[in-house]
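Asker: Listed below are the residues making up each chain.
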Amino acid sequence: MTGERIVAVTMPKWGLSMQLGKITGWIVAEGDEVSVGDELADIETDKIAGTLEAADAGTVRRLVARVGEDVPVSGTIALIAPADVSDADLDAAAAQARAVIDAGVPDEAAAGPEVQTAEVGGRRIRYAGAGQDGDVVLLVHGYGGDRNSWLFLHEPLAARHRVYALDLPGHGTSSKDVGDGSVDLLADAVLGVLDAVGVERAHLVGHSLGGAVAVAAAARHPERVHSLILIAPAGFGPEINAGYLRGFADAQTRRELKPVVGQLFADESLVTRQVVDDLLAYKRLDGVDVALRTLLGTLLAEGGDAQRIDSAAALAALGGAVPVTVVWGRADRIIPAGQAGSVAGAASYVIDGAGHMAHMERPAEVQAAIEETIAGR
Amino acid sequence: MARSITYREAINEALAQEMERDETVIVMGEDNAGGEGAPGDQDAWGGVLGVTKGLYHKFPGRVLDTPISESAFIGAAIGAATAGMRPVAELMFVDFMGVCFDQIYNQAAKFRYMFGGKAVTPVVIRTMYGAGLRAAAQHSQCLYPLFTHIPGLKVVLPATPYDAKGMMTQAIRDDDPVMFFEHKALYDLSGPVPEEGYTLPFGEANVVREGGDVTIVTLGRMVHTSLEAAGQLAADGVQCEVIDLRTTSPLDEDTVLESVEGTGRVVVVDEAHPRCSIATDISALVAQKAFGSLQAPIEMVTAPHTPVPFSNTLEDLYIPDAQRIANAVKTVTGWSR
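As you go down the protein sequences, you meet chains S and W in turn.
FYI, numbering that gives the first Met the number 0 numbers position 348 of the first sequence as 347, with every residue one higher than the one before it.
FYI, numbering that gives the first Met the number 0 numbers position 66 of the second sequence as 65, with every residue one higher than the one before it.
Calculated directly from the structure, the hints in this document are not laboratory data.
Certain hints may be false.
To be verified - Examples of chain S residues toward chain W, derived with CB under 10 Å: (1) Thr172; (2) Ser174; (3) Lys175; (4) Gln251; (5) Thr252; (6) Arg254; (7) Asp276; (8) Ala280; (9) Tyr281; (10) Gly286; (11) Val287.
Glycine is no exception: its CB is placed at the ideal position from the N, C-alpha and C atoms.
Generate coordinates for the entire structure from the input sequences, incorporating the hints supplied.
Answerer: Now the structure itself:
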């Protein structure tokens with residue numbers, strides 16, 4: 000069957016609310032050989048611009064989607080197949096894909112995912128889920144982030160797992176009160192979401208401060224954690240870019256905020272006007288200023304520029320009860336990638352060309368690390 | 000920020016949340032309730048277009064229904080502000096400002112200055128402006144240039160539900176008198192708005208579309224008309240940067256100048272009359288401070304220097320539309336010495 004040897008390249012779903020994407024430029028041409036991870040096309044949504052990487056290797060035989068047209072999520076945009084698949088078979092597959100693009104977004108998809116609310120310790124915690132089957136994965140963002148920072152990973156992971164992402168207290172659409180701002184208080188929200196969705200045990204994926212929060216949750220309830228996947232986690236060494244943290248908390252305007260946010264990425268061109276505007280809109284919500292300043296006191300030692308959180312000690316106390324994977328962008332300018340070596344007993348992935356936001360800059364590689372960890376449990 | 004509400008609901012929500020948060024916030028205006036002695040539901044109106052609907056019962060004693068006497072209740076609001084309250088007065092149509100103008104430009108605007116900074120006047124005056132509702136010459140004017148002329152007043156014109164809520168919240172918390180302009184034609188516009196309170200600082204323009212060929216500087220309802228024109232022009236390969244000034248006092252000069260320095264071409268779009276207006280103000284700013292960057296004369300797209308016509312046909316011609324904006328953009332891109 001030649002049909003099974005044709006692989007469809009589809010419009011990705013970057014963020015749970017994405018329904019349409021637009022190809023702004025093809026990086027490959029028909030006839031090109033591609034390997035896994037090669038860049039295929041530049042894609043733009045109403046929220047963000049990014050580059051689609053190949054998930055399969057082979058020869059690009061047909062480019063189906065035209066530059067500039069709207070394509071529904073999961074619509075086929077190109078076909079990859081070996082040289083011996085006939086042109087007739089490819090044309091038939093391309094015509095089928097063309098019909099899907101022309102049909103537009105199906106009505107049932109327009110409703111979008113449901114954001115849910117859990118009540119934890121008197122605080123409103125918002126979370127969103129995707130995926131039906133498999134292990135449960137809970138994504139925990141970092142300082143100043145929210146559940147949308149997982150936009151390149153949430154849906155791809157949901158193909159094989161039940162994946163939830165939450166807004167920590169003080170962030171996103173959750174209550175802005177962070178109490179004493181302790182890592183334990185934030186970990187309560189993580190455990191509270193697991194309770195709310197009726198899940199006994201999950202893989203916790205935590206980024207930066209969210210990594211420290213995931214470790215704290217595991218330290219208290221190791222029986223509820225299948226594995227810990229820590230992306231540039233806080234608490235594994237003294238060094239941290241205190242200038243970034245204070246700059247983020249202090250910035251009042253887009254002129255002040257943009258250069259600060261640029262430090263998060265290896266490639267600062269990813270910091271679009273929309274990214275900065277969304278962060279400013281968050282920072283201007285009532286209560287966020289106090290939340291960010293309180294959490295600054297959690298992250299930084301009093302009167303200094305060193306990290307205050309000690310995730311290494313919490314992990315050591317677990318005594319290997321939970322498998323740990325650590326992922327770090329080699330070009331991280333917030334917490335140096337060298338601290339990956341301090342995560343005792345962890346499988347370690349250091350990713351080239353990524354900064355602190357490895358899950359946004361190199362999502363395919365971060366996903367591979369998560370999938371390997373889940374498969375290995 | 001998934002939730003979507005209208006411009007009208009966004010203003011209502013800002014008022015409700017600030018009244019909840021601060022008991023000195025009160026609302027005053029005509030048609031807030033059914034009027035003294037009116038039978039049945041006293042909250043039938045919520046203002047002439049229903050913006051304050053529901054607040055009368057929710058905050059007993061704090062939503063005042065006023066007589067049709069602008070000089071009395073605008074004066075009362077300003078006086079209450081100097082005495083520690085944070086009143087939000089609704090002056091229905093900006094066209095009616097004439098009868099209470101002294102209270103605004105010669106009293107409220109002057110207190111902080113004349114009392115050496117010892118007095119503050121945290122009053123918000125909400126008012127409707129703009130043509131398009133077949134309301135004729137005395138209920139359709141834009142008049143914000145009159146208030147922009149006066150030092151001591153802050154003048155704000157939100158174009159979206161998000162901006163409306165954030166700017167109303169800022170206006171209430173601000174210690175200076177704020178003129179808050181609501182375009183009648185925007186009330187039913189929907190858009191994403193956070194549930195909790197938030198403020199937008201005054202004097203920060205919003206780049207609502209990025210582009211490298213021409214800068215369109217605009218405000219209020221014309222932001223949407225300009226975006227429509229920019230969309231059409233993009234199909235012809237002309238990329239417009241559209242700047243929503245959001246506030247005319249204070250004015251974000253930097254965002255305008257930085258954009259013009261990049262594009263070298265500017266079109267100013269303003270629904271107000273063309274003389275002594277925001278269009279002329281921005282044109283003067285650019286000519287004075289970015290002259291060296293200009294590659295073509297500045298174009299202005301405005302209403303004509305006439306009253307707003309009552310005839311539907313003439314009113315439609317009176318209001319700047321996307322075609323006129325696109326023509327102006329083509330004039331500046333096609334200009335040669």
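Asker: Give a verdict on every hint.
Answerer: Taking the hints in turn, this is what the structure says about them:
Residue-level restraint check for Thr172/S holds (minimum Cβ-Cβ distance to chain W is 7 Å; threshold 10 Å). For Ser174/S, the interface hint holds, the least distance from its beta-carbon to any beta-carbon of chain W being 9 Å, beneath 10 Å. Because the smallest distance between the Cβ of Lys175/S and any Cβ of chain W comes to about 7 Å, under 10 Å, the interface hint for this residue holds. About 7 Å separates the beta-carbon of Gln251/S from the nearest beta-carbon of chain W, less than 10 Å, and the hint is met.
For Thr252/S, the suggested interface contact is upheld, since its CB lies about 7 Å from the closest CB of chain W, less than 10 Å. Because the closest C-beta pair between Arg254/S and chain W is about 8 Å apart, less than 10 Å, the hint holds. Checking Asp276/S against chain W: minimum C-beta separation of about 8 Å stays under 10 Å; hint holds. This hint holds: Ala280/S has a C-beta 7 Å from the nearest C-beta of chain W, less than the 10 Å allowed.
Taking 10 Å as the C-beta contact cut-off toward chain W, the hint placing Tyr281/S at the interface holds, the least distance being around 9 Å. A distance limit of 10 Å between C-beta atoms decides the matter here; for Gly286/S the minimum to chain W is near 7 Å, and the interface restraint holds. The restraint placing Val287/S at the interface with chain W holds, with a minimum CB-CB distance near 8 Å, inside the 10 Å limit.
Violation of the numbered hints given earlier is absent; every hint is satisfied by the structure.
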